[in-house]
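Asks: Sequence:
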Amino acid sequence: MTSSRIVYFGCFLFFIRVSETESLASTILTVGEGRQVVLKLSDDDSSETPITKQYIQLGARNSTSISVAPATLEGISFVIFQAHSHTLPTTLSLDKVPTAKNSWSGCNIGLVKRVQGSVEPSVYIFNSNNEDLMILIAVIGYPSSVPIPGGCNMEFPVEISPFLNMSANIDLTVVSFQRASSPPSTSGVSSANCVTSGIASAFVAAVEYEMYYRDLPEGDLTEDTYFDILQSSLAVEEIRQSATQVRNFDSHQKPEGFFNSFPGMGMVYYVIVYPKGLPLQAAAYVPITTYACDIELVQATGEHSCNGITTWFGWLLCAFSLFLGLLISVRGHRCFALQAFVMGTLSGAFVSFIIIRALASNASPQVLLPSVSIVSVVIGILWLLIWWYQGIPILTVLLSGLNAGLLLTAFAFSSRLVNFSVFRNDFNFWSSIASGCLLVPILLLGFAKLLSVFACALLGSFGVVVALDRYFGSTLAFTILNIVRRGTVENFDAAIILWPLQITDIVLLSLLALLFVGTFYIQWRSERGRAPFPPPRLPPLPLLPDGPPPSYASVVGTPDREPLLGGRRLQRDDSVQGMLFQAYSATAASSPRPTAVSRSSAASAVPEGLYSASLERGMAHVSIPRPTADNNDKPSAPQGLD
Numbered sequence: 001m002t003s004s005r006i007v008y009f010g011c012f013l014f015f016i017r018v019s020e021t022e023s024l025a026s027t028i029l030t031v032g033e034g035r036q037v038v039l040k041l042s043d044d045d046s047s048e049t050p051i052t053k054q055y056i057q058l059g060a061r062n063s064t065s066i067s068v069a070p071a072t073l074e075g076i077s078f079v080i081f082q083a084h085s086h087t088l089p090t091t092l093s094l095d096k097v098p099t100a101k102n103s104w105s106g107c108n109i110g111l112v113k114r115v116q117g118s119v120e121p122s123v124y125i126f127n128s129n130n131e132d133l134m135i136l137i138a139v140i141g142y143p144s145s146v147p148i149p150g151g152c153n154m155e156f157p158v159e160i161s162p163f164l165n166m167s168a169n170i171d172l173t174v175v176s177f178q179r180a181s182s183p184p185s186t187s188g189v190s191s192a193n194c195v196t197s198g199i200a201s202a203f204v205a206a207v208e209y210e211m212y213y214r215d216l217p218e219g220d221l222t223e224d225t226y227f228d229i230l231q232s233s234l235a236v237e238e239i240r241q242s243a244t245q246v247r248n249f250d251s252h253q254k255p256e257g258f259f260n261s262f263p264g265m266g267m268v269y270y271v272i273v274y275p276k277g278l279p280l281q282a283a284a285y286v287p288i289t290t291y292a293c294d295i296e297l298v299q300a301t302g303e304h305s306c307n308g309i310t311t312w313f314g315w316l317l318c319a320f321s322l323f324l325g326l327l328i329s330v331r332g333h334r335c336f337a338l339q340a341f342v343m344g345t346l347s348g349a350f351v352s353f354i355i356i357r358a359l360a361s362n363a364s365p366q367v368l369l370p371s372v373s374i375v376s377v378v379i380g381i382l383w384l385l386i387w388w389y390q391g392i393p394i395l396t397v398l399l400s401g402l403n404a405g406l407l408l409t410a411f412a413f414s415s416r417l418v419n420f421s422v423f424r425n426d427f428n429f430w431s432s433i434a435s436g437c438l439l440v441p442i443l444l445l446g447f448a449k450l451l452s453v454f455a456c457a458l459l460g461s462f463g464v465v466v467a468l469d470r471y472f473g474s475t476l477a478f479t480i481l482n483i484v485r486r487g488t489v490e491n492f493d494a495a496i497i498l499w500p501l502q503i504t505d506i507v508l509l510s511l512l513a514l515l516f517v518g519t520f521y522i523q524w525r526s527e528r529g530r531a532p533f534p535p536p537r538l539p540p541l542p543l544l545p546d547g548p549p550p551s552y553a554s555v556v557g558t559p560d561r562e563p564l565l566g567g568r569r570l571q572r573d574d575s576v577q578g579m580l581f582q583a584y585s586a587t588a589a590s591s592p593r594p595t596a597v598s599r600s601s602a603a604s605a606v607p608e609g610l611y612s613a614s615l616e617r618g619m620a621h622v623s624i625p626r627p628t629a630d631n632n633d634k635p636s637a638p639q640g641l642d
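The opening position of the sequence shown corresponds to residue 1 in the UniProt record's numbering, with each subsequent residue numbered one higher.
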């Protein structure tokens with residue numbers, strides 16, 4: 001019964017998805033050369049802003065005009081025309097002939113058109129590609145009480161630039177925009193003078209900005225998903241409901257935002273502007289999207305994502321991570337030599353990755369990963385040899401604790417905590433990282449066995465989960481990668497760290513927690529009643545020799561106070577004679593006829609087999625056997641010293 005309900009529910013969801021796709025396809029207008037598209041602004045039920053949206057299929061090397069019916073522009077001061085395409089760029093122009101001063105090209109573009117009486121506001125859109133292009137057209141109207149996005153443009157040739165500018169790579173995404181002009185109704189000054197006079201400075205600073213982001217599903221590079229997300233969040237109310245705010249600032253601050261990149265995950269960035277203290281009178285810039293990778297190249301090669309495993313070496317690394325992680329999490333403490341090798345390799349990988357990438361910032365992953373792997377394995381082998389040679393387990397346990405502390409600190413710094421202004425300073429940031437690394441050893445180093453099991457369970461479980469993370473193309477690995485980026489990527493200290501958790505990430509984090517708890521319990525239970533640490537393969541080097549020096553030459557120049565002989569420290573003044581006297585006196589005392597002896601005669605009259613002495617530079621090694629019953633009854637006659 002339960003399985004049939006699940007099947008029916010799945011069919012229902014599939015039917016809804018197909019219906020949405022068919023509805024989307026039914027609204028697409030196929031536009032040819034010279035055809036005009038006239039749109040009507042209407043108040044959407046989900047938005048208070050007059051807006052209209054339309055999908056068009058523009059033929060290759062074709063153009064068309066987009067206009068708004070004047071009858072729907074009542075109370076509208078200006079409109080923003082937006083054009084969005086998936087991978088191929090398009091051009092939007094204010095005139096029929098595009099020039100540098102009246103047009104802009106890209107995948108997320110827009111232009112402002114003022115409403116002048118009964119004149120029909122219109123723009124022209126061009127497809128200069130050799131294939132048909134699916135384009136989402138959106139027209140949004142605003143009253144005169146809201147700021148004009150990009151009205152104080154100082155960089156681009158277009159007079160009013162309501163679009164966002166983006167520079168993105170696999171590490172860092174930079175979103176910038178032109179300042180908005182205050183509405184004439186609040187400033188009393190023409191917005192055209194907003195960058196030229198002292199009066200302008202007052203009302204330009206009277207606007208505030210909000211920056212938002214919205215993430216696309218992980219690993220989904222399809223056109224349908226791209227347009228579904230965009231068309232659902234274009235108006236101000238839609239953005240505030242569906243996107244996540246990451247920053248707000250005024251016009252005194254530089255109009256740009258830095259973000260950490262997620263290659264293969266689509267990210268949409270928004271900016272909203274409103275008069276200071278009046279957030280309801282807001283206007284939205286044209287949103288912009290990025291996948292932080294060359295999506296055209298990825299699709300051309302038949303890949304589904306640029307965040308997954310694409311090379312045989314990547315598959316090999318993930319296989320090793322999965323196998324060693326599982327082994328360390330279950331048997332890491334018992335296989336102490338393996339723990340030493342893995343912990344040395346992890347530390348070497350972290351340090352060498354930062355150093356190599358800092359020295360060769362343009363190195364490709366195909367070169368960087370093998371180089372880091374070789375260096376880290378060599379460091380792991382060296383650390384294993386140190387354990388075999390010295391046999392001091394506390395060093396390996398300390399390194400394991402440092403690695404565990406680094407991982408926990410990386411998780412903490414993947415949250416909003418790292419976005420506080422105090423961590424923009426490099427000294428504060430790296431001091432906090434170092435303190436976090438030391439926290440685990442400081443708390444648990446007094447319980448070395450507990451620390452070893454804890455670190456093995458945590459790091460081994462993370463190794464298993466991060467291998468699955470790379471396979472599914474999620475974002476769990478970026479917790480560590482963001483720390484590396486901070487030390488190697490320029491301007492990353494100004495980046496707002498985002499971690500858009502999705503279903504895959506939540507499942508992997510839950511799996512990490514379960515693996516950690518389970519493997520910790522397994523190791524701790526299996527180690528109950530056993531020695532804390534296994535002995536090293538090689539015996540530790542003795543700190544002091546067991547026997548006497550082999551020759552007189554080996555002790556020349558040695559202070560008279562050293563070494564310790566048989567656990568007793570001999571004094572310089574007649575120490576050998578004193579020991580012989582005491583030994584002979586004890587033997588004579590057990591004899592029926594005690595014989596008086598002097599300290600000087602002890603050296604020439606000592607029972608045979610009682611001791612063996614070696615005199616060199618005033619030192620002696622004396623061994624006295626345990627007396628037997630025969631010796632007590634019949635003491636032997638004194639013998640001379642050999």
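I should point out that these hints are in silico values taken from the structure, not numbers from a laboratory.
Check before you lean on any hint, since a few could be wrong.
Derived PhoX-like pairs: lysine-lysine, alpha-carbon spacing no greater than 20 Å straight-line [claimed, not checked]:
no., residue 1, residue 2
1, Lys254, Lys276
2, Lys40, Lys53
3, Lys101, Lys113
4, Lys101, Lys53
5, Lys96, Lys113
6, Lys40, Lys113
Predicted, not measured: the structure shown is a model, and the values here were computed from it.
Asks: Taking 20 Å as the top limit, are the C-alpha atoms of Lys96 and Lys113 close enough?
Replies: Roughly 14 Å separates the two Cα atoms, so the pair holds.
Asks: Lys101 and Lys113: Cα distance at most 20 Å?
Replies: holds (14 Å)
Asks: Does Lys276 sit within 20 Å of Lys254, going by the straight-line distance between their CA atoms?
Replies: Judged against 20 Å, a Cα distance of about 17 Å means the pair holds.
Asks: Taken at face value, is the distance from the CA of Lys113 to the CA of Lys40 at most 20 Å?
Replies: holds (15 Å)
Asks: Straight-line Cα separation of Lys40 and Lys53 no greater than 20 Å?
Replies: Holds - the C-alpha atoms of Lys53 and Lys40 are around 9 Å apart, at most 20 Å.
Asks: Take a quick look at whether Lys101 and Lys53 sit within 20 Å of each other, Cα to Cα.
Replies: Violated, because 26 Å separates the two Cα atoms, which is more than 20 Å.
Checked against the numbered hints listed earlier, the structure breaks hint 4 alone; every other hint is satisfied.
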